[in-house]
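Under mature numbering (1 follows the signal peptide of the UniProt record, and there is no 0), residues -19 to -1, 1 to 72 are what the sequence shown spells out, in order.
Check the hints yourself; a few may be wrong.
Derived CB-CB ranges, DEER-like [as the list claims (entries may be wrong)]:
| id | residue 1 | residue 2 | range |
| --- | --- | --- | --- |
| 1 | Met(-19) | Arg7 | 35 to 43 Å |
| 2 | Leu(-15) | Ser25 | 31 to 39 Å |
| 3 | Asn29 | Arg67 | 26 to 34 Å |
| 4 | Met(-19) | Arg17 | 24 to 32 Å |
Since the hints were derived computationally from the structure, they do not count as laboratory data. We treat Cβ as the ideally placed atom computed from N, Cα and C, and that holds for glycine.
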Amino acid sequence: MKFFLLLACLALYVVHIQAQRFCVGRPVTQVCTGPRDIGHNRNSACRNFAMREMWYYDGRRRACFKQNYLGCGGNGNRYCSNADCRAKCRR
């Protein structure tokens, strides 16, 4: 029983890591400048396939903050995880 629980936890961890690597909503070019931009959700593709929780870098406060991305549009100041944001925008 413990083996199956351990195996299930390992599988969830692998899925989580893969989701972070291939997240939907990652801009083609990521930049650490520009305002927070949550995009739009004017069509069903935006609403259905977006990764809702994303992160942006606030240059004034020199920190990354959570935002609710709507799925389409937005700027390049958008990251799939807090760790990804901090790693790319560290100064």
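Evaluation of the provided hints:
As the Cβ distance of Met(-19) to Arg7 is approximately 38 Å, the hint placing it in 35 to 43 Å holds. The supplied range of 31 to 39 Å is met by Leu(-15) and Ser25, whose beta-carbon atoms lie about 38 Å from each other. Restraint check, Asn29 to Arg67: a C-beta distance of roughly 29 Å satisfies the suggested window 26 to 34 Å. For the pair Met(-19) and Arg17, the supplied restraint of 24 to 32 Å is violated, since their beta-carbon distance comes to about 46 Å.
The earlier numbered hint that this structure contradicts is number 4, and it is the only one.
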